[in-house]
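K.L.:
Top line first, the protein sequences correspond to chains A and B.
Using this note's numbering, you'd call the opening residue of the first sequence number 1 and step up by one each time.
Using this note's numbering, you'd call the opening residue of the second sequence number 1 and step up by one each time.
Don't read these hints as lab results, they were simulated from the structure.
Wrong hints could be hidden among the right ones.
One copy or two, either will do: identical chains are not told apart, so a pair holds if it fits within one copy or between any two.
With a Cα cut of at most 30 Å, we get these calculated BS3-like pairs of lysine-lysine [unchecked claim]:
(1) 115 x 229
(2) 229 x 46
(3) 304 x 168
(4) 304 x 55
(5) 99 x 305
(6) 115 x 51
Number of protein chains: 2
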Amino acid sequence: MRIELNQAIEMLNSHDNILILAHRNPDGDALGSGYALCRALRSVGKNAEFKYFDKIPKVFLELEACCENTDFEPSFVVAVDCADSKILGDFPDGRYKEKVDLCIDHHSSNTLYAKYTYLDDNAAATSEIILDIARAIGAEIDTLTAQAIYIGLSTDTGCFRYSNTTSKTMRMAADMMDAGINAGKLNRILFETKSKSYAALEAMALATLTKHFSEKCAIMHITLEMHEKSGTDETEIHALASLPRQIEGVLVGATIKEAEPGRYKVSIRTNPPVNASEICQIFGGGGHKRAAGCEIHGTLSEVKKQLLDAIEPFVRDVDPE
Amino acid sequence: MRIELNQAIEMLNSHDNILILAHRNPDGDALGSGYALCRALRSVGKNAEFKYFDKIPKVFLELEACCENTDFEPSFVVAVDCADSKILGDFPDGRYKEKVDLCIDHHSSNTLYAKYTYLDDNAAATSEIILDIARAIGAEIDTLTAQAIYIGLSTDTGCFRYSNTTSKTMRMAADMMDAGINAGKLNRILFETKSKSYAALEAMALATLTKHFSEKCAIMHITLEMHEKSGTDETEIHALASLPRQIEGVLVGATIKEAEPGRYKVSIRTNPPVNASEICQIFGGGGHKRAAGCEIHGTLSEVKKQLLDAIEPFVRDVDPE
Chain A
1 MRIELNQAIE
11 MLNSHDNILI
21 LAHRNPDGDA
31 LGSGYALCRA
41 LRSVGKNAEF
51 KYFDKIPKVF
61 LELEACCENT
71 DFEPSFVVAV
81 DCADSKILGD
91 FPDGRYKEKV
101 DLCIDHHSSN
111 TLYAKYTYLD
121 DNAAATSEII
131 LDIARAIGAE
141 IDTLTAQAIY
151 IGLSTDTGCF
161 RYSNTTSKTM
171 RMAADMMDAG
181 INAGKLNRIL
191 FETKSKSYAA
201 LEAMALATLT
211 KHFSEKCAIM
221 HITLEMHEKS
231 GTDETEIHAL
241 ASLPRQIEGV
251 LVGATIKEAE
261 PGRYKVSIRT
271 NPPVNASEIC
281 QIFGGGGHKR
291 AAGCEIHGTL
301 SEVKKQLLDA
311 IEPFVRDVDP
321 E
Chain B
1 MRIELNQAIE
11 MLNSHDNILI
21 LAHRNPDGDA
31 LGSGYALCRA
41 LRSVGKNAEF
51 KYFDKIPKVF
61 LELEACCENT
71 DFEPSFVVAV
81 DCADSKILGD
91 FPDGRYKEKV
101 DLCIDHHSSN
111 TLYAKYTYLD
121 DNAAATSEII
131 LDIARAIGAE
141 IDTLTAQAIY
151 IGLSTDTGCF
161 RYSNTTSKTM
171 RMAADMMDAG
181 INAGKLNRIL
191 FETKSKSYAA
201 LEAMALATLT
211 KHFSEKCAIM
221 HITLEMHEKS
231 GTDETEIHAL
241 ASLPRQIEGV
251 LVGATIKEAE
261 PGRYKVSIRT
271 NPPVNASEIC
281 QIFGGGGHKR
291 AAGCEIHGTL
301 SEVKKQLLDA
311 IEPFVRDVDP
321 E
């Protein structure tokens, strides 16, 4: 059931031995939220641990240093930034999949799988909610906690570019900067650095780009072979998804990534008024208005055709806002 | 002579019929500062006009609507965001070149050419200083003024990415968002849209990229022929300059742009600890620590050689911070 923020705060205040999980393949906001909540709870004397089980992008590795492992039997399980139990970053035996006590999230597509859910889809990032909670429980916001929050805020907003950014996001980021983080250096690593392998894959992917429906849709693909040839890490591919949408006049930018032969992961990025989540829901996926994802099975040309058929009604007779 | 902020405010308060100029080929901060100051002065009942004489990037054209022309004989001339009288965006007859009463600027390379100069090189953008001034004179900060300020803040910080961004910058941007601007839409136009011609020129320029000095320097060039072939507007080229610096490990990224046969404009972008302005000063140019420019004469290969010779001591035996 959905609860109010003060109820979520009260639950965290009244429990101890808190295990924090996030979504699988955690991104900057999932990691930032998880680590920040863990450090906040520890700073008020609780046992808390944040756990994830996937490889994370190397740019986030230094976050790992901010919460040492501890050992306790969890009595309260919190999921952050995870919209669906199907994508929960759980232990291999799936022990908490159906046993999340409290979910804190900003995805409007949240399935309310947890016992209690605090959902604010006006928050640009789950890290925004975590900062409100940390302040409410009287946690210390030291430099490492501030850095985790800032990484969550900045990665989910494209470094304060996207339309989900609010004045609250900006002021929270300002407060985190005042807590002593080196925002310029973080941004350089997160947003202004391309690895050589990424630069190579980018060039290959852009060479596959095609445009459709009066150039209102741009679509490109990445095969396993391209992935291998470039030497890119699985985790480096995420940023590529924003490229097709950047071309003037494009409303829907789609990136089709071969996960294994016959199975493709699709990232959709849109410009207003097109809702990316609605397109992805056709294939059982979801996400946000401007950024969403899904999986489609078939050959590359079948997947591309299915996707274009699904996109067409969203752009035909639709003009950019 | 250099003056304090309160003295600059007092001068603006005590004068009327104020002409505002900026640097030639005005960028987002020059235009944002000029328009915001003009609107601020008008809102407190003064005659004020902002003038520039060059073609501006089309993304800034809607700013023009924010200050209608008026007709008065200027009695006080203010230059904003202009570090040197040599680059003042003056009337064709150069009538104000040596007659600027007050310069308001954030470039540390300012030559103090004006009668009075208020210089704050800790400000991320001149627009930051203009907002402080506008507030101090009791100006109304309506949505159009807020938009001009936001454009100045965002363009000079790479949309709040670069290390010049401070918590003050972030809070000012938050205040401008609260004044009703559509920041998401502005950012999409300013930072997330590539024209087809730009995308074509980008691909051609990246194909010329070479690396030097253990890959700590990356350099690329744009010839008049490439420029023409891509169909790009002169004003679209600015954004390309940030690309060479984005490659992992690069400390100095240089872009050489043919202005006319035998004359090249060079843009330098650096990562810490290298000072871009120091490199450009060798050729009589200047700018900021992370972004600067200069002109070099000769053939393309001569220019490239001169530039590499100048860069070498800045990167040899230097490690990234």
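K.L.:
Each hint needs a verdict: does it hold in this structure or not?
P.N.:
Taking the hints in turn, this is what the structure says about them:
1. 115 x 229: neither (45 Å within a copy, 61 Å between copies)
2. 229 x 46: neither (47 Å within a copy, 64 Å between copies)
3. 304 x 168: Classified as neither: same-chain Cα gap 39 Å, cross-chain 46 Å, threshold 30 Å.
4. 304 x 55: Answer is within: at 28 Å inside a copy they meet the 30 Å cutoff, but 42 Å across does not.
5. 99 x 305: Neither: 39 Å inside a chain and 65 Å across chains, both beyond 30 Å.
6. 115 x 51: Answer is within; shortest intra-copy Cα gap is 20 Å, inter-copy 62 Å.
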